[in-house]
Amino acid sequence: MISRRQFLIAVGAASMAALGGRFSAMAQRRQRYVSIMGATSCIPFVKAYLPQWEHDHPGMTVAVTGGGSYAGLRALGLGQADIAMADLAPPPGFLVVPVQRYPLGRLPIVLVAGPQVGIRGLSWNQARAVFAGDIVNWRELGGANLPVIAVSRPESSGARDVMQHRILGARPFSPHCIIQLSNGAVMRTVVETPGAIGYVEATAPLREITVLTLQGNVFDPTRWQQWPLYAEPALYLRAQAPKEVKDLAAFLQSRPGRRQFGFYAASEQGFVYAR
Amino acid sequence: MRADRWAQGIFQAAFGLFIAVWTVFLAVIAVGAWHFVVINGWITPLLSTHWSPLAGHYGMLAFILGSITVTALALILAAPWVLALAVAGGRILRGTMQQTFIQLLTVFVAVPSVIYGWWGLTIIVPLVRRLSGTSGFGPLSAGVVLALMIVPTFSIMALHAVRQVPSALVEGSLALGATDDQTLWHMVLPSAWPALAQAFLVAVGRALGETIAVQMVIGGQSRLTSLLKPSATLTSQLLTDLALMPPKTPGHDALDFMAIWLVLLMAVLVGLQYRMRRGLRG
Amino acid sequence: MVEKRLTKREGVSTILDIRVQELEVWYGPAKALENVSLHLEQGAVLALIGPSGCGKSTFLRVLNRMIDQVPTVRVKGSVHIGAFNVLDDDIDVTALRRTVGMVFQQPNPFPMTIFDNVAYGPRLAGVRSATKLRQIVEDSLKKSALWDEVRGKLRRSAMTLSGGQQQRLCMARALAVHPHVLLLDEPTASLDPVSTAKIEELIVQFKGRYTMVIVTHNLQQAARVSDLVAFFEQGHLVEMGPTHDIFTAPQERRTEEFLTGRFE
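Chains as they are written, first to last, in the numbering used here: chain Y, 10 to 284; chain S, 3 to 284; chain G, 707 to 970.
Calculated from the structure, these hints are not laboratory results.
Treat the hints loosely; a few may be bogus.
Cβ pair distances, simulated, as ranges [claimed, not checked]:
| # | chain 1 | residue 1 | chain 2 | residue 2 | range |
| --- | --- | --- | --- | --- | --- |
| 1 | S | 43 | Y | 53 | 38 to 46 Å |
| 2 | S | 16 | G | 858 | 43 to 51 Å |
| 3 | S | 17 | G | 858 | 40 to 48 Å |
| 4 | G | 862 | S | 117 | 26 to 34 Å |
Going by beta-carbon spacing under 10 Å, a handful of chain Y positions derived as facing chain S [as the list claims (entries may be wrong)]:
| # | residue |
| --- | --- |
| 5 | 79 |
| 6 | 87 |
| 7 | 98 |
| 8 | 103 |
| 9 | 125 |
| 10 | 163 |
| 11 | 165 |
| 12 | 205 |
| 13 | 214 |
| 14 | 218 |
The list that follows gives simulated cross-link-like pairs (lysine-lysine, DSS-like), each with its CA atoms no further than 30 Å apart [to be verified]:
| # | chain 1 | residue 1 | chain 2 | residue 2 |
| --- | --- | --- | --- | --- |
| 15 | Y | 252 | S | 250 |
| 16 | G | 838 | G | 859 |
| 17 | Y | 255 | S | 250 |
| 18 | S | 231 | Y | 56 |
| 19 | G | 859 | G | 849 |
| 20 | G | 849 | G | 913 |
| 21 | G | 904 | G | 859 |
| 22 | Y | 56 | Y | 255 |
| 23 | G | 913 | G | 838 |
C-beta: ideal position from N, C-alpha, C; glycine also.
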């Protein structure tokens with residue numbers, strides 16, 4: 010049997026270990042180590058260009074972690090991450106340190122439905138009525154006689170944030186929405202469920218699924234400027250960030266050819282900042 | 003002699019490390035939960051179903067009920083099947099068939115729960131939808147997915163419980179003229195009961211603690227009105243809102259409070275089982 | 707139905723004889739018994755002796771078909787116990803095992819109360835009446851000379867008894883279903899001398915009331931309790947005869963060598 014003294018020593022040792030871990034983490038950051046954290050929608054793009062930057066900056070190591078926009082911004086505020094990826098604007102008061110924002114462009118968000126619903130598009134008002142739960146059967150919109158099953162993302166999602174501000178406004182999402190955690194799960198649910206409608210970031214391939222028009226706009230990747238519903242992902246860093254960190258953010262921001270990741274760059278011709 | 007002392011040291015260190023690590027785990031959760039209780043009280047969140055963490059409403063009654071409902075459902079569905087599998091694998095199958103069956107079950111334990119989630123999304127949810135006419139997302143689907151998920155773990159433990167019944171007892175029963183069925187019900191299962199109860203508890207723990215597989219098929223709403231309407235469990239909501247409320251945000255303490263509740267639910271079950279065992283022995 | 711049959715049998719003292727002809731037993735490809743024939747008069751006590759692995763336990767387990775528990779076993783020949791054709795595929799094994807009780811080498815009390823241990827067989831046979839069960843339990847415990855030691859403690863776990871008491875409990879448990887034949891598989895092998903003496907006393911008392919077959923490694927025990935002795939070696943029944951004759955003037959050289967300790 011373990012004695013009480015051994016027990017106390019063990020507890021003490023464990024707390025020392027926890028503290029030690031924290032100090033060593035701080036020491037590491039003073040070394041040549043950059044950590045990026047935040048929205049999962051940005052990860053494929055960021056990861057694709059990191060090797061190039063690391064090659065140009067020998068000895069630097071970059072770690073990329075998901076966790077969502079809020080977690081990234083929170084980690085940035087606490088000094089646990091150097092760069093936050095976020096596809097939503099931090100709510101007022103969320104960040105207490107001064108930060109710099111490096112916009113990455115636009116990330117279109119499209120409304121998707123299964124083919125059975127029998128309609129090709131929605132107006133802004135209809136979209137609001139559908140996601141707020143006012144319309145419960147597609148018949149009400151001239152579609153099939155199928156109950157509406159709205160699929161949404163959780164509150165931490167940047168896409169949901171865009172939907173809330175641009176489509177629903179002051180109305181909350183219907184409490185009958187099915188919540189899925191990822192783009193992929195939303196797509197799968199919409200494909201599998203007759204009468205389902207959802208929204209996804211247009212990073213994923215849109216197969217087996219109807220992309221609805223919005224107020225007459227057709228989603229066309231080659232004419233992305235005309236698509237009215239999008240998130241604006243950005244990198245955030247502390248205003249007093251070291252030179253290397255700022256350099257990395259500027260490097261990522263300036264990369265062309267990120268369309269394959271669903272991003273439409275701010276530097277591309279015809280882009281107009283929405284804010 | 004010296005080797006002996008070394009071995010003793012290693013065993014004591016292992017135990018000490020266990021105590022230390024889990025004390026830190028519990029302490030971290032408990033500190034968060036304590037912050038939460040200081041600000042929100044502990045009774046209001048338990049009696050309210052209004053969950054809107056960004057607005058400061060932390061009613062988690064629906065999640066607690068959801069966890070209990072889904073877990074109970076999963077065990078009700080799984081237990082009879084598991085018992086039958088345990089008897090088949092422990093007393094009926096012999097030789098290579100038995101070995102293969104045990105190996106298969108062991109392999110299936112390793113299937114990650116997200117696979118069960120996807121699989122529930124593409125098979126169970128449409129099935130429930132077709133049978134019920136609802137969306138198919140809800141505690142019923144979650145219960146079915148969980149039931150299937152715990153079957154391998156639960157079966158292996160139950161199978162070993164049945165197998166460890168001494169053959170002297172089985173022979174003693176048969177020699178008195180008991181049939182195989184009578185021996186099973188009056189000798190094998192009662193003798194295996196303590197180990198079966200242990201297996202049951204592990205299954206409860208697995209079901210209660212599961213996150214992603216449940217989240218994918220339960221719908222994710224903070225209500226519990228029907229087995230066929232979207233709802234949530236403590237764990238599925240924890241998973242959903244972890245990204246919304248990362249550590250060091252005010253809402254994160256609510257998640258710690260929820261985690262404490264999971265530990266408490268489990269502790270109550272372990273205590274109940276202990277009392278039942280003592281009752282049986284006395 | 708079953709209860710009725712049991713009740714009817716109780717009063718009548720039908721003791722059964724055992725007739726074995728050309729019995730052969732294989733475990734897979736290995737022959738365990740070869741061409742064993744013997745006849746045991748009702749009420750007699752037969753001791754089976756012989757070196758380990760000679761087939762005496764196998765023989766015992768054929769008599770109540772416990773041999774069926776071995777998956778690869780094959781049995782040939784004929785075995786009759788009273789009216790039972792033991793090796794018949796269609797025989798009611800349950801009825802056979804109630805008639806032919808067995809006590810094992812290791813005391814195997816069930817993990818339940820003393821009362822429930824003894825009542826186990828009668829309950830499964832359909833006895834429901836509490837009064838009747840109590841009567842059966844008391845009778846059986848008295849027959850196995852355990853009653854005075856456990857009266858008033860019947861609700862205690864059988865595991866609290868000493869090894870010798872446990873073995874007498876197993877005797878009582880076997881007696882509770884009113885058998886006519888008792889098979890004893892080295893019943894004192896794991897007991898101390900005092901407990902052994904008590905079991906031997908019981909066997910002597912039971913003479914004439916039950917036909918008994920006892921496997922033993924203890925030659926003095928065989929000499930003390932049995933009427934007849936059968937010597938087995940490598941699956942063969944070498945010699946069988948009255949106990950006194952076998953111990954004083956064995957007919958076979960192998961028997962003599964075994965009895966005088968010059969064996970192998």
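Here is what the structure says about each hint:
Checked against the hint of 38 to 46 Å, the C-beta distance between residue 43 of chain S and residue 53 of chain Y comes to roughly 44 Å, which is consistent with it. A beta carbon spacing of about 48 Å between residue 16 of chain S and residue 858 of chain G agrees with the range 43 to 51 Å that was offered as a hint. Against the hinted window of 40 to 48 Å, the Cβ-Cβ separation of residue 17 of chain S and residue 858 of chain G comes to about 44 Å, which satisfies the hint. Evaluation of the 26 to 34 Å hint for residue 862 of chain G and residue 117 of chain S yields a failure: the beta carbon distance comes to about 51 Å.
Checking residue 79 of chain Y against chain S by beta carbon gives a least distance of about 6 Å; that is within 10 Å, so the hint holds. Checking residue 87 of chain Y against chain S by beta carbon gives a least distance of about 6 Å; that is within 10 Å, so the hint holds. Taking 10 Å as the C-beta contact cut-off toward chain S, the hint placing residue 98 of chain Y at the interface is violated, the least distance being around 14 Å. With a cut of 10 Å, the hint placing residue 103 of chain Y at the interface with chain S holds, because the nearest CB-to-CB distance is about 8 Å.
Below 10 Å, beta-carbon pairs count as interface contacts, and residue 125 of chain Y has none with chain S, the closest being about 13 Å; its hint is therefore violated. For residue 163 of chain Y, the shortest C-beta to C-beta distance to chain S is roughly 5 Å, which falls under 10 Å, so the interface hint holds. With 10 Å as the threshold, the beta carbon of residue 165 of chain Y comes within range of chain S, its nearest partner Cβ sitting at about 4 Å, so the hint holds. With a cut of 10 Å, the hint placing residue 205 of chain Y at the interface with chain S holds, because the nearest CB-to-CB distance is about 8 Å.
Interface restraint check: residue 214 of chain Y against chain S, minimum CB-CB distance 17 Å, threshold 10 Å, status violated. For the restraint placing residue 218 of chain Y at the interface with chain S, the shortest Cβ-Cβ distance is roughly 15 Å, beyond the 10 Å limit, so the hint is violated. For the given pair, residue 252 of chain Y sits about 27 Å from residue 250 of chain S by alpha-carbon distance, which is consistent with the 30 Å threshold. Taken as a hint, the residue 838 of chain G and residue 859 of chain G pair is honoured in the structure, with Cα atoms around 19 Å apart against an allowance of 30 Å.
Between residue 255 of chain Y and residue 250 of chain S the CA atoms are separated by roughly 25 Å; this keeps the pair inside 30 Å, and the hint holds. At roughly 39 Å between alpha-carbon atoms, residue 231 of chain S and residue 56 of chain Y are farther apart than 30 Å, so this suggested pair is violated. Restraint check for residue 859 of chain G and residue 849 of chain G: the C-alpha separation of about 17 Å stays at or below 30 Å, so the hint holds. With a C-alpha separation of about 13 Å, the suggested pair residue 849 of chain G and residue 913 of chain G falls inside the 30 Å cut-off, and the hint holds.
In summary, the hint linking residue 904 of chain G to residue 859 of chain G is supported, as the alpha carbons are separated by about 20 Å, within the 30 Å threshold. With a CA separation close to 17 Å, the supplied pair residue 56 of chain Y and residue 255 of chain Y stays within the 30 Å bound. A distance of roughly 26 Å separates the Cα atoms of residue 913 of chain G and residue 838 of chain G; the hinted pair therefore holds under the 30 Å criterion.
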